[in-house]
Amino acid sequence: MHSASLANKVFIQRDYSEGTTCKFQTKFPSELESRIERTLFEDTVKTLNNYYAEAEKIGGQSYLEGCLACATAYLIFLCMETRYEKVLKKIAKYIQEQNEKIYAPRGLLITDPIERGMRVIEISIYEDRGSSGSSSGSSSVSGSTAR
Amino acid sequence: MKNCEYQQIDPQALPTPTPTPPPHHGNDSDKKEEPKRPRRKWEVFPGKNRFYCEGRIIVARQSGVLPLTLGLILVTSGLFFIFDCPFLVKHLTSCIPVIGGVLFVFVVITLLQTSFTDPGILPRATPDEAADIEKQIDNTGNTSYRPPPRTKEVLINQQVVKLKYCFTCKMFRPPRTSHCSLCDNCVERFDHHCPWVGNCVGKRNYRFFYTFIVSLSFLTAFIFGCVTTHLALRAQGGKGLVFALQESPGSAVELVICFFSVWSILGLSGFHTYLVASNLTTNEDIKGSWSGKSGEDVTNPYSHKNIFINCCSVLCGPMPPSLIDRRGFLPTDDSAQTGGTDIEVPTLATKSEINVCTQGTKGLLESATLPPLLSTSCPQGKPQTAHTCPDSSPAVNSDPSPELSMGCGARHAASSQGDASPSRHTKACSKKSKRAALHIPNTAFDIPVSPTSPDAASFAPLH
Numbered sequence: 030m031h032s033a034s035l036a037n038k039v040f041i042q043r044d045y046s047e048g049t050t051c052k053f054q055t056k057f058p059s060e061l062e063s064r065i066e067r068t069l070f071e072d073t074v075k076t077l078n079n080y081y082a083e084a085e086k087i088g089g090q091s092y093l094e095g096c097l098a099c100a101t102a103y104l105i106f107l108c109m110e111t112r113y114e115k116v117l118k119k120i121a122k123y124i125q126e127q128n129e130k131i132y133a134p135r136g137l138l139i140t141d142p143i144e145r146g147m148r149v150i151e152i153s154i155y156e157d158r159g160s161s162g163s164s165s166g167s168s169s170v171s172g173s174t175a176r
Numbered sequence: 193m194k195n196c197e198y199q200q201i202d203p204q205a206l207p208t209p210t211p212t213p214p215p216h217h218g219n220d221s222d223k224k225e226e227p228k229r230p231r232r233k234w235e236v237f238p239g240k241n242r243f244y245c246e247g248r249i250i251v252a253r254q255s256g257v258l259p260l261t262l263g264l265i266l267v268t269s270g271l272f273f274i275f276d277c278p279f280l281v282k283h284l285t286s287c288i289p290v291i292g293g294v295l296f297v298f299v300v301i302t303l304l305q306t307s308f309t310d311p312g313i314l315p316r317a318t319p320d321e322a323a324d325i326e327k328q329i330d331n332t333g334n335t336s337y338r339p340p341p342r343t344k345e346v347l348i349n350q351q352v353v354k355l356k357y358c359f360t361c362k363m364f365r366p367p368r369t370s371h372c373s374l375c376d377n378c379v380e381r382f383d384h385h386c387p388w389v390g391n392c393v394g395k396r397n398y399r400f401f402y403t404f405i406v407s408l409s410f411l412t413a414f415i416f417g418c419v420t421t422h423l424a425l426r427a428q429g430g431k432g433l434v435f436a437l438q439e440s441p442g443s444a445v446e447l448v449i450c451f452f453s454v455w456s457i458l459g460l461s462g463f464h465t466y467l468v469a470s471n472l473t474t475n476e477d478i479k480g481s482w483s484g485k486s487g488e489d490v491t492n493p494y495s496h497k498n499i500f501i502n503c504c505s506v507l508c509g510p511m512p513p514s515l516i517d518r519r520g521f522l523p524t525d526d527s528a529q530t531g532g533t534d535i536e537v538p539t540l541a542t543k544s545e546i547n548v549c550t551q552g553t554k555g556l557l558e559s560a561t562l563p564p565l566l567s568t569s570c571p572q573g574k575p576q577t578a579h580t581c582p583d584s585s586p587a588v589n590s591d592p593s594p595e596l597s598m599g600c601g602a603r604h605a606a607s608s609q610g611d612a613s614p615s616r617h618t619k620a621c622s623k624k625s626k627r628a629a630l631h632i633p634n635t636a637f638d639i640p641v642s643p644t645s646p647d648a649a650s651f652a653p654l655h
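Protein chains in written order, with this note's numbering: chain H, 30 to 176; chain V, 193 to 655.
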């Protein structure tokens, strides 16, 4: 029976070039080079960025929602699910789907950014201990243990 | 930073490592079934906040003068309805108590929402994240005192912005984020810490705050006008003002309170309307971040260059979610699984929409359908796996460096005493002096290391 152990974690940081809107860098980290194709990774990040852009979009509908909320002294936030929350659910489903189809078969796991304060996309790299002998990135793990 | 405020979770030291599965029966029966009640995240929240209603309500540690604010509003409005309304309804119109009532309800609701809403607190970095950031920064190796401050420069809309490293939260603060020492949290789009509402004003509750001060200025002006009319009507016919005041003593109290408040509140509303129209925060305005006073050509990179769009994006934009999962459950030590970054919140999906994702990911790991990623837990206590547990609990991050964060707080307090120079608070035009004085510390807080580290190279970009 194979068992997997956490070998390393890669953190995709935020891209602030367009302001404070939620957007992640699409730069391909070197640790993933041997694990996953660049295009797949970039597709995932770009889709996530699009989802966040949709959640934070300011336009006719969001203004209407905002004015309505103000008129009800914002009590409407207590009863209704906001648009942002709806999109977050979609994002969660998307990430789960990506994990199942693409990342898990390659020994990777994406953590939803909302779990990390929307600061990073954390990608955990697993090492199949049963099959391979060497473990990569053990230095970073020992670095965190040394704290 | 007293330890009694919260308890650290040390998965290796928990006394009863029972092999029971993570609590799924969760919600209400958790107190009865397990010997150790699974705790929610708000109970171990590292910041200086207090929680009520099982984590639904969040306030700052010191409620400031929130009771005074509420008291003043309730007393003044109460006196208005008791003393002035009957007379004015008889002599003028019955719309007056209706308008007053609507304004009063608006004011109280928005005040409570400002005080009890999470202002946009950023959870602290997980140990892995902090380690990753440390790796990217060149550490000079001086561990005897606090290392020199770290900054990172980013380009936002062609404007160079310096991101500062927060030693307490162990991360580079996103733009417009500031660390509030009173609450000991990094708050997104930090405006100021308002003692009158007893909470920070940040990204998530700025619109509540703005609505509160605008409706309060309307209410104060309305009551002031009504009381003046009331007294004028009573004093008609040669009876005199003293006679009118004797007949309606409550009006005298209201007159005094409203007279002194209306100017400052109107001024504050005006100031914040200016801030909203230019998409600035009080913090940025006080520090003069985008005013170009240093001679450089700086513009506000966040402004949409259009007053209407600025107003709409600040006040009517989408409501961001709370990033601190207050009501989530803490991981139990036994789910000390290998990949368990998300095992931490076992059944949260039923409780909070934010955790829908974790349920799915946990299901993925536990389904064991994928041979290479089997997460059979290794309870032999491998050092790596044991340390993945603290990842999930943000509370643990403050544990490794209690001295450091205590140092933060102590230094902030020290600098706040020293930096009480009034040079900057004149910008906050008609704010009361108490509020202005309390704003000064925030500017000092926002430059956490300038009083402490003397080297001029402290602001040199590292990237």
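These are computed hints drawn from the structure, not numbers from a lab. Glycine included, every Cβ here is placed at the ideal spot set by N, Cα and C. Some hints could be false.
As the list claims (entries may be wrong) - Computed beta-carbon distance windows for the label pairs: (1) H:G48 to V:V267: 37 to 45 angstroms; (2) V:L433 to H:G48: 30 to 38 angstroms; (3) H:F106 to V:T421: 56 to 64 angstroms; (4) H:L97 to V:T420: 39 to 47 angstroms; (5) V:L437 to H:T50: 19 to 27 angstroms; (6) H:F106 to V:V281: 53 to 61 angstroms; (7) H:T101 to V:V281: 38 to 46 angstroms; (8) H:T50 to V:V352: 25 to 33 angstroms; (9) V:I274 to H:E47: 18 to 26 angstroms; (10) H:E83 to V:Q350: 23 to 31 angstroms; (11) V:P441 to H:E47: 56 to 64 angstroms; (12) V:V281 to H:E110: 39 to 47 angstroms; (13) H:E83 to V:P441: 56 to 64 angstroms.
| request: Any hints from earlier that this structure breaks? Give me their numbers in increasing order, please. | output: 2, 3, 4, 5, 6, 7, 8 and 9
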